[in-house]
Amino acid sequence: ININYLHRSDYMEIKFSLDRDNIIEFQCSNIVNTKQFKKGRIWFFLYMLSLLGFVSLVTERKDMRVFIIILGVIMCIFFKVFFKTCCKILLNKNYKKSEFSYIFDEKVISISEENIFIKNSLGNREILFNSISSLNLVGQYMFIVLLNKEYLLIPVSAFNTSEEKEQFIRLIEEKSNLNIKKSYPDNLKYI
Numbered sequence: 044i045n046i047n048y049l050h051r052s053d054y055m056e057i058k059f060s061l062d063r064d065n066i067i068e069f070q071c072s073n074i075v076n077t078k079q080f081k082k083g084r085i086w087f088f089l090y091m092l093s094l095l096g097f098v099s100l101v102t103e104r105k106d107m108r109v110f111i112i113i114l115g116v117i118m119c120i121f122f123k124v125f126f127k128t129c130c131k132i133l134l135n136k137n138y139k140k141s142e143f144s145y146i147f148d149e150k151v152i153s154i155s156e157e158n159i160f161i162k163n164s165l166g167n168r169e170i171l172f173n174s175i176s177s178l179n180l181v182g183q184y185m186f187i188v189l190l191n192k193e194y195l196l197i198p199v200s201a202f203n204t205s206e207e208k209e210q211f212i213r214l215i216e217e218k219s220n221l222n223i224k225k226s227y228p229d230n231l232k233y234i
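When we follow the numbering used here, the leftmost residue of the sequence shown carries the number 44, and every step to the right adds one.
Honestly, I wouldn't trust all of these hints.
Said to hold, decoys possible - What follows is a list of derived Cβ distance ranges for each label pair:
hint, residue 1, residue 2, range
1, F143, Q79, 40 to 50 Å
2, E149, F121, 36 to 46 Å
3, K58, G96, 54 to 64 Å
4, I146, L95, 19 to 29 Å
Rather than coming from a laboratory, the hints here were simulated on the basis of the structure.
The model shown is predicted, which means the values in this text are computed figures rather than measured ones.
Quick reminder that beta carbons are idealized off the backbone N, C-alpha and C, glycines included.
Just need the whole structure built from these sequences, with the hints factored in.
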């Protein structure tokens with residue numbers, strides 16, 4: 044990770060790039076904290092109950108009923124593992140596509156008095172502070188979540204010291220009128 048800081052009281056710039064494998068691992072390890080996981084678990088449980096009810100009505104074989112009950116219990120117990128594995132496969136497949144390669148290109152994020160500027164291989168993008176819905180810090184990553192559920196992911200390792208990280212956070216908090224949350228954003232727009 045390359046780091047470049049320009050400091051003034053109201054201006055800061057960081058330069059970094061993300062590693063695909065680390066991002067996939069991080070997202071998959073935290074996916075259980077999202078609304079998608081919670082909804083998926085509820086739908087899966089309802090599906091298993093209806094399948095159990097259907098098999099109970101259709102067959103009189105006790106061994107088939109016992110098999111479905113055991114299968115349902117195993118699937119419910121290991122749902123988290125299956126969900127994480129499926130997400131890892133899907134994210135890995137999507138992130139390998141050329142249209143998503145920009146995510147792992149070098150980025151320069153600048154904070155000025157009015158806006159956040161992002162410069163990467165696609166060009167320059169300007170983000171207004173009032174378009175930020177939340178600021179989250181989880182593990183080794185910081186999320187700047189936008190109102191449209193898109194997000195900027197910044198590795199904490201992009202900062203030389205914890206003071207620089209705190210200054211960056213304070214600057215965004217002041218400009219956006221938000222407080223940082225120490226939890227994984229639960230409603231992100233995944234690819």
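Tested hints:
{"no.": "1", "hint": "F143 to Q79: 40 to 50 Å", "result": "violated (19 Å)"}
{"no.": "2", "hint": "E149 to F121: 36 to 46 Å", "result": "holds (39 Å)"}
{"no.": "3", "hint": "K58 to G96: 54 to 64 Å", "result": "holds (57 Å)"}
{"no.": "4", "hint": "I146 to L95: 19 to 29 Å", "result": "violated (42 Å)"}
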